[in-house]
Amino acid sequence: MNIVVCVKQVPETAEADLKIAAGGKGIVEEGLALQINESDNYALEEALLITEEHDGDITIMTLGHESSEEVLRMSMAKGAGTAVRVADPAFDGGDAIATATALAAALKDVEYDLVLTGCMASDDGATQVGVALAELLDIPHATYVTEVEVGSGEVTVGRELEGGLIEKLTIKLPCVLGIQTGINEPRYASIMGIARASKREIELKSAGDMGLDASSVGAAGSGTVLEELTFPPVGEGADILEGTPSEASGKLADILKEKGFV
Amino acid sequence: MAVSLQEKYELLGCIQCGRCTAGCPVSMRTYLNVRRVVYDGMTGVGPTDAKGRPEAWNCTTCSNCTERCPKGVKPMELIIGLRSAAIEKGRIEPTIRDALESTFKHGNPWGRIRDKRTEWADELSVPVAAEGEAVPFLFYVGCTPAYDPRAQSIAKALVALFAAAGVEYSTLGTDESCCGNEIRRMGEDGLFEMLVEGNRELFGGHEVGTIVTASPHCMNTFKNEYGEPTPDVVHYSQLLASLLEAGKLTFKGKVEKKVTFHDACFLGKHNGIYDEPREVLEQIPGVTFEEMDRSRERALCCEGGGGRMWLEATEERGERLAETRVKDAVELGADYLVTACPFCLMTLEDAVKTSGNEGKIEIIDLAELAAMAL
Amino acid sequence: MNEILVLAEHRGGELRDVTFEMLGKAGALAGASGGAVTALLLGAGVRDMASRLTSYADEVLVVDHGNLTDFNSAVYQPVIAEVVKSREPSLVMVGHTAFGVDLAPSLAVALGLPLASDCIDVVLDGGAVSVTRQIYGGKVDARLSFRDSATALVTVRAAAFPVEDGARSGSVTELDTPVSDEPAFRRFVQYVEAAIGDVDITKSDVIIAVGRGIKEEENLALVEELAGLLGGVVGCSRPVVDAGWLPKDRQVGSSGKTVKPKLYVAIGISGQFQHMSGMKAAETIVAINKDPKAPIFSEADYGIVGDLFKIVPALKEKIAEARA
Amino acid sequence: MAEKSTSREQRLGVYVCHCGVNISHTVDVERVAEVAATLPGVALAKTYPYMCSDPGQNLICADIKEHDLTGVVVAACSPRMHEPTFRAALVSAGVNPYMFEMANIREQCSWIHDDKEAGTEKAIDLMRSAVARAGYLEGLTEREIDVTPEALVIGGGIAGIQAALDIAEAGFKVHLVEKEPSIGGRMAQLDKTFPTLDCSACILTPKMVDVSRHPNINLMTYSDIEDISGYVGSFTVTIRKRARYVDVDECTACGDCVDVCPVAVPNEFDEGLATRKAIYQSFPQAVPAAYVLNMDECLGTNPIACGKCLEACDKQCIDYDAKDEVVEIKVGTIIVATGMDIFDATEIGALGYGRYDDILTSLEFERLVSAGGPTGGELVRFSDREAPKSVVFLQCVGSRDATVGNEYCSRVCCMYTAKQAHLVREKLPDAEITVFYTDIRAFGKGFEEFYDRVRKERVIYRRGSVSEIYRRKGRLIVRGDDTLMGEPVEIEADMVVLAVGLVPRPETDGVASFLKLSKSSDRFLMEAHPKLRPVDTAVEGVFVAGCCQGPKDIPDAVAQAKAASSSAIAPMARGTVRMEAISAKVDEDMCSGCRICVSVCPYEAITYDEKDKVSRVNEALCKGCGTCGAACPSGAMSTIHFTSGQMRAQVLALIGGSDD
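Residue numbers (numbering that gives the first Met the number 0), protein chains in the order written: chain C, 0 to 261; chain E, 0 to 373; chain D, 0 to 323; chain G, 0 to 659.
Treat the hints with care, since some could be wrong.
[As the list claims (entries may be wrong)] Sample of chain E residues at the chain C side, in silico, Cβ under 10 Å:
1) I86
2) P93
3) D174
4) S176
5) D188
6) F191
7) K253
[Stated by the list, open to error] No farther apart than 25 Å at their CA atoms in a straight line, the calculated lysine-lysine pairs in the DSS-like style are these:
8) D:K214 with E:K155
9) G:K240 with G:K329
10) G:K551 with G:K515
11) G:K472 with E:K352
It should be emphasised that the hints constitute simulated quantities derived from the structure, not laboratory data. No residue lacks a Cβ here, since even glycine has one placed at the ideal position from N, Cα and C.
Whole structure, please, built from the sequences with the hints as guidance.
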């Protein structure tokens, strides 16, 4: 079972004070730690678990700048055999479908039984690439996948629906699965392992290599156009209780008492 | 071909006397049997990584086993080696994984971003060295005192003490990175080496002369594992003792409390620093100091070292040592159980709650106590 | 602007809230631009549902076919594509739900439509559609426009818009768009309800919920004690379940439970929309978080900014005092 | 450098030994011989299975005569082993013994290599270099020295006592020097002796009395060696007899002085478990049976602040003005029997010794159970004077332990612990007795049987070491590992006895440095050969006996003392000793008088002649070590038999260079 895992490097923003860059179309990434997108990490782990049980090779693929090779090396350290970076200035600024278009082209000359992606990127939150990719490759798909069971020529998957419901499906191979977080427990890639992997080759694929017209990908090939970024209004609802932990807690306790919770 | 554990850790000298297990603080409350681990390594029958031997994660790296081995075998290194092997396979507890990944990304194991490393000093005036500026005397804060809300008060207390004693120092601000002591003990050799390289470069760039650390863990690795040449390294208790002796630091206040002292493994057993913290304690006006039965080299480990801050013991079977420790101190009638290590502080404080001794005793860091007497 | 097409979503014979939320928004947009609101309903034996939609839409298009009983994007997508192709609406709205995300990108590719997903606002300015969506976990809003396309496709975040009473009186049109058999390459098996544990959080008046900020499993004890003091139960956000610290049935949010307790205390939860969609209906919401910019504060009634490990113990003390 | 003899003048015989297969399995000895035969100066080359055997030696003798050989090279084992053998063969064939050279192709070649090809090449190289040196050898004449027929025994423990008695019995005068006020040593402190359970004092006291009465023994107690110089046959020893302030000959040990003395200090004989006065007798059976006044502890005699003892002494044999006396004696041979100390258990802090009263060392325990001890032999805890219900013994405290630098086994602890466990059982029939051990070493005569017996007396032996002792709720908690169970254990104990190991006495260092004795890695004195010369030292005429050479039990100490005494008697009986002819030699014309040689000589064999401004070598003291020759900047100093020319030839042959 040969698996392609499509991953993305994203900035870690959970705790950071974000700044919108000049021009209003991006954030200032300087100082932000870069990492593998969370659900992609689960997708990689799922691929590793499947190949551990059913043999096969893993190709790790990303569309991104040179810094994202760190994610590829980390993936190779964990067990991916081949790494591909879809890299071309032409891909810059592409929306999810433009990205899927480039990845689909990169997958053309790769032999695979299964393509795994994370179900959502934590930066743009688009939740589109995996499904779009399947459509472009003309193979079936499922996303929000929290269970995968490999059968003969097909997989049985569980999709996580709202309200804690699981939708079970069987899907013929090859297919694309968008993996949801929590499906497994991602392993660790040691620094030694990453260092060893850094000696291995990463295949680069440009738009030209894949026969893609620059106008069909990147910003030029995107149906949506980013107009501007703004910060959402915050704190309008909450009455912030000030003071030391003890003081603030005291105020809250009074409120709760007043409302009859204490 | 991989080198066998027997060769790599020179296990054949072992005479199976069991002093390692007998001295292991967790041997009676977890299923870690150090002698058995050595035996299996010696005979080549046991698991070769901590995945197959999860109790290896119970080791607190207090070093009793290694310090006391009559034959010079280093069981603690073997256990760290088992962890390393598990790490190489990527098969480790998620909490350890997250701590390691965080250290790689942010330079601290607490999952906090680098930008917030100086948050503790926000309302204080703490000097931060400019890039390339020489730092003859560096206050290395360390990840836990920098980020942990409880331990931050150690850093704050030290800053107050430095000010009172007229110590000219500087910090590295957000450039400061994890020392790697716990990382090495979790078995992540590559990451440790990366940190060593980075820190040595950082220290070199600032021509650091002497380092004072808030945590004994940082001191230990700088002093013993960074190789030559590194700056002189002292733990703050050593600095305070010498400042007191030189008359540069004087206490104007009084702390009318009965206190006892918990020796941190990385201060005591690893580095033989037993006297200085006591010298500081005894000079604080009003303090009545009494030793616990198990003190100095017989001090009980708090179980906070060796990566255990990021991991629960597997298959516990006895009382937490920190709880035993708290009970011992309560029995002694101490108002304060003083320690000089942020990990001890946190584990002991937790144990005060879990052992139902809230209100009976307080855990306090030596720096906090000293600052109270300024 | 001629037509706004809204895909009605239902599961287990029930129309889902997001359908009415979208129709409401579509109605507002249509009202402003003079266009029509069309609901598209696919299913088997869905006439009753269709009639429920008539007050929200000018026209309810129904494709009623045995193969459409359960959602399957492989079966749904060609039918919807056919309808969109034939009607060329200006805007197609699909819920940003587990169904929607499985369908919309595929539809966009099949029809060559631009897609903006997870939108929290849609604006019509003249003929041009623009949307607002959140990125970086809700920390930043992004406004997007669509490059010259007759039809814009959007997925709409659940609970982004209110459900209001419908004031329209649309007709129901049955379409005979061909429906394929369920393809062999993607077959629905069944729905499985996640097992309910010993605690049913949907039944509790007080929920103390924890998120990533709790850091370690052992710290849950702290929150459980607080819950005990307030007679509530402990819930959580997704990362806590992913880490295996609490069972799935304690998860509040779009992929977990939707709860409506009297008191909801969110501790160490930043407030990703997926979580907030599951708890925003609570009567009183309290948030404790160290990041003053955390989105949870925008939804909360009361907030304390600070370290939960300091605040929760203090709060426990104060509650005990208040009680005494 | 000019040399008188050259290889061309020599007719050498080269003999390559098979040493059974010890050499021949890795070295093609025939080839070595073949190559040897081609070397200049070599008249013949042969191999033989055992060169050191009689036939082997006879072969050499026959060849010397038949082929008129001038010198012999044997390629075999270490010269330390067999050089004397072959030299004797040369002498018997009428050739000077110094015309002999050995190549060590066993220890330095066959035993340490596997590859026969390479081994053979190396053996050839070693042989070639030996032959090269042999070409420059010269015949030398050994010297004879008269032996003073008196011996010195340093240390009055059981080993020293035995050695002194044996020498005295052989009819020679012996000076026995003991630093304590009484002889008796460690054995006097013991209660019973294993495995026979003899009363230690009962068997020791008669020997002590014999010492004091023997006309050939000059007993000097309370005395220190201040210096030793000289060499075999003629040592000069300076001894300081410390003032006892009590006339040994007059004192009757009546005890009146002790009764009035107001000073109480810890009694070292009782390991500090009891006190004694400033004027005291070490123990009741002390020899000499006389009191001693420790002036450092005395309240003051100048001016007299107390003086009560003097007042009380009927015979007035106390003299506050007594002075140390320094004597110088000449002896022919010396036996060092300075004994041992016990390991200081406070070094292992985790065991809590010194912190808890009820943790004793084994020697303290001996005093505790001894009838003459502080409790009159009653076995009670010090903390509460109650009999312990649970007694735990810990083996290997300070032995086999690299953490305290003692890697050796102390050899006696296993058995004395068994004996002590037995004594506990004898005194406390109901006590729980546990022994933590790692290995039991019951190798001596009757030892295993005794160990069997003790176990059957309900003494529980638990295999495993103890790491820590602490106190919980007033009881001692012994934290060990039961390695057979595979479980750590905690045992509550009322009394813990630490089987402390034996360590060298620091006082031995002084004697060792006067005599230039070496120590082995365990810091005990080193014998000349661990198997074949166990009581000799590297210094001729100096012998070791007892625990100063390594831990041993009483029978072994006595046996070694008897061996040392017979070795010490031999030169005295013969009256003369032969000295190796190898020594340093000064070319006085070349000597610049810089005196570097004087400062580097470890044997103080070189003196500077102020009048002639040159260095001179005392050949009797010189050991021929060569240090001076190496250090001499003007090339004036050389070592006979290891001349520069000889060494140069040897080295050049080895590195394949030429003399150009």
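Quick rundown of the hints versus the structure:
{"no.": "1", "hint": "I86", "result": "holds, 5 Å"}
{"no.": "2", "hint": "P93", "result": "holds, 6 Å"}
{"no.": "3", "hint": "D174", "result": "violated, 12 Å"}
{"no.": "4", "hint": "S176", "result": "violated, 13 Å"}
{"no.": "5", "hint": "D188", "result": "holds, 7 Å"}
{"no.": "6", "hint": "F191", "result": "holds, 8 Å"}
{"no.": "7", "hint": "K253", "result": "violated, 25 Å"}
{"no.": "8", "hint": "D:K214 with E:K155", "result": "holds, 24 Å"}
{"no.": "9", "hint": "G:K240 with G:K329", "result": "holds, 16 Å"}
{"no.": "10", "hint": "G:K551 with G:K515", "result": "holds, 23 Å"}
{"no.": "11", "hint": "G:K472 with E:K352", "result": "holds, 23 Å"}
The earlier numbered hints that this structure contradicts are 3, 4 and 7.
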